[in-house]
Amino acid sequence: MTTHFGRTELPPAQASALRRAIRFERYTLIFLAVAITLVFLVMGSSQAMKAAWIEDLLSLAPPIAFLIAVRIVNKRPTEKYPYGFHRSVGVAHLVAGVALFAMGAFLIIDSLSGLITAEHPPIGSIVLFGNPIWLGWLMMIVMALTIPLPIYFGRVKMKLAKELHDKVLYADADMNKADWMTAVGSIVGVAGIGIGLWWADAAAALFIAVSIVWDGVKNLRAAITDLMDTRATTFDDGEPHPVSQKVDDYLRDLPWAAEVGSRVRDQGHVFHVESFIVPRPGESPTVQQLLEARDGCIELDWKVEDIVLVPIDELPEEVGGARDTRQSERNE
Amino acid sequence: MKVEGVEIVVALFLWSGMRRFRSLLAVTCVALLTGCSMAIPTDPDGTLDRVTGGTLRVGVSERPPWVETAEGEEPGGTEPELIREFAESIDAETEWTEGGEERLLKALERGELDVVIGGFTDQTPWVDYGALTVPYAEEEYEGAREKHVMIVRMGENAFLVALERFLLAEGATA
Numbered sequence: 001m002t003t004h005f006g007r008t009e010l011p012p013a014q015a016s017a018l019r020r021a022i023r024f025e026r027y028t029l030i031f032l033a034v035a036i037t038l039v040f041l042v043m044g045s046s047q048a049m050k051a052a053w054i055e056d057l058l059s060l061a062p063p064i065a066f067l068i069a070v071r072i073v074n075k076r077p078t079e080k081y082p083y084g085f086h087r088s089v090g091v092a093h094l095v096a097g098v099a100l101f102a103m104g105a106f107l108i109i110d111s112l113s114g115l116i117t118a119e120h121p122p123i124g125s126i127v128l129f130g131n132p133i134w135l136g137w138l139m140m141i142v143m144a145l146t147i148p149l150p151i152y153f154g155r156v157k158m159k160l161a162k163e164l165h166d167k168v169l170y171a172d173a174d175m176n177k178a179d180w181m182t183a184v185g186s187i188v189g190v191a192g193i194g195i196g197l198w199w200a201d202a203a204a205a206l207f208i209a210v211s212i213v214w215d216g217v218k219n220l221r222a223a224i225t226d227l228m229d230t231r232a233t234t235f236d237d238g239e240p241h242p243v244s245q246k247v248d249d250y251l252r253d254l255p256w257a258a259e260v261g262s263r264v265r266d267q268g269h270v271f272h273v274e275s276f277i278v279p280r281p282g283e284s285p286t287v288q289q290l291l292e293a294r295d296g297c298i299e300l301d302w303k304v305e306d307i308v309l310v311p312i313d314e315l316p317e318e319v320g321g322a323r324d325t326r327q328s329e330r331n332e
Numbered sequence: 001m002k003v004e005g006v007e008i009v010v011a012l013f014l015w016s017g018m019r020r021f022r023s024l025l026a027v028t029c030v031a032l033l034t035g036c037s038m039a040i041p042t043d044p045d046g047t048l049d050r051v052t053g054g055t056l057r058v059g060v061s062e063r064p065p066w067v068e069t070a071e072g073e074e075p076g077g078t079e080p081e082l083i084r085e086f087a088e089s090i091d092a093e094t095e096w097t098e099g100g101e102e103r104l105l106k107a108l109e110r111g112e113l114d115v116v117i118g119g120f121t122d123q124t125p126w127v128d129y130g131a132l133t134v135p136y137a138e139e140e141y142e143g144a145r146e147k148h149v150m151i152v153r154m155g156e157n158a159f160l161v162a163l164e165r166f167l168l169a170e171g172a173t174a
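Going down the list, the sequences are from chains S and P. In terms of the working numbering, the first sequence has 261 at position 261, counting the first letter as 1, and numbering is strictly consecutive. In terms of the working numbering, the second sequence has 10 at position 10, counting the first letter as 1, and numbering is strictly consecutive.
It is worth saying that the hints were derived from the structure and are not from the lab. Accuracy of the hints is not assured; some may be wrong.
Okay, derived cross-link-like pairs now, DSS-like style, lysine-lysine, Cα gap no bigger than 27 Å in a straight line [claimed, not checked]:
#: 1; chain 1: S; residue 1: K50; chain 2: P; residue 2: K147
#: 2; chain 1: P; residue 1: K147; chain 2: S; residue 2: K80
#: 3; chain 1: S; residue 1: K162; chain 2: S; residue 2: K218
#: 4; chain 1: S; residue 1: K50; chain 2: S; residue 2: K159
#: 5; chain 1: P; residue 1: K106; chain 2: P; residue 2: K147
#: 6; chain 1: S; residue 1: K162; chain 2: S; residue 2: K75
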């Protein structure tokens, strides 16, 4: 079976990365289902454990969003959706970003209010096989059990996110990080309560929540700006994506091209490219030359497939032309 | 035993430096270390230490047959009986305060009482004012199974666990 993103056929490396990502997101869902059940069982009346449980529920959102987006993104462009369905990835990224942010914000509010009102979390006994034991031990064990897998999942997803240029996977890798960090925080917190520090749990949670909120803000901002058609960036939104530069360089090397500038927007996994080309004086590209130039660009990277070449008299300002000339208006 | 300052400092130090997987090891070490040198859990306000050999302050709210009160007499019923036995087991005197649930629970929240009894079940709406013990007895009431609990001061976990152990051992036979 050939794997597609819409009408973009994936190179073998990306196709196998995509299958691996789908598999890992399914594993994540199975793991979360088990973790949610376990935490629910040892939750008792502990607010801290309740918070951990709500976080586990929230961390369901990115994998589900990813699996849905991957199904939708597979569709080819139609008359109604002429750009294809790649943007479903952008929507999923937004969902994942909101989930991450909500989790961090919830944790901050929850632990801050606990500290301010000086809530002393009660952790009593639980009867296990007929013996009463302190529930704190059980909480710490369950929390410790939920640490290793998210670390592993997060690392794999981070790699796949880069390979596939998939920001949902990236956000989900952050979510896995948030998961295991809160688990570590809960262990420290419950241990602190154990030695009589009532504020330990809230303080540990607050410490971690700040980093989760930051990841949430980062992903939210990236998702929103991508939906606003900001210029294409790398999967971690660290820098402008090198493909834009590669396309410009390739076109500039054509014998008939004088000046080149491109608008590149991230559609999800793939890019939509509009390249403006000012021909050399006296040259006028033929249809054949344009077709060859387009194919040349598509060869550059699998993410370039939907590309429009626009021969023009001067470059619009937004792609590096002189001031006060824009593509969006007629330049007299 | 008292919390040793050094242990807290070590715990915080490890905690602040923990970013990597090996931090898990550190947490386990702290848990084990503290487990060896002190009783876990410990009360933030030292309730168990204070009542052991001292005075156990009990709030009682009438609810026969669990709690029965009468003018000029010590409270009777199954729960005051259990509390008397518990107090005896830790060599404590009991000081009874009778009243309505609201007044007692608010006094408990302020730390003026150590435990409140009144035939409470695990479905009690007073969960924000005190910590419920594990259910120590069950009863059929109007077609539903009710699980009975006592309410102690929030976060006094050593005292909570001590009372729970007593109730689980003795409560079933009461």
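These are the hints, each one checked on the structure:
For the hint pairing K50/S with K147/P, the CA-to-CA distance comes to about 22 Å; that is within 27 Å, so the pair holds. For the suggested pair K147/P and K80/S, the alpha carbons sit about 60 Å apart, so the restraint of at most 27 Å is broken. Our distance criterion of 27 Å between C-alpha atoms is met by K162/S and K218/S, whose separation comes to about 17 Å. A threshold of 27 Å between alpha carbons decides the hint, and for K50/S with K159/S the separation of about 32 Å lies outside it, so the pair is violated.
Taking the CA atoms of K106/P and K147/P, the gap is near 23 Å; set against the 27 Å cutoff, the hint holds. Distance hint between K162/S and K75/S is fulfilled; the C-alpha atoms sit about 23 Å from each other, no more than 27 Å.
Hints 2, 4 from the earlier list are contradicted by this structure; the remaining hints agree with it.
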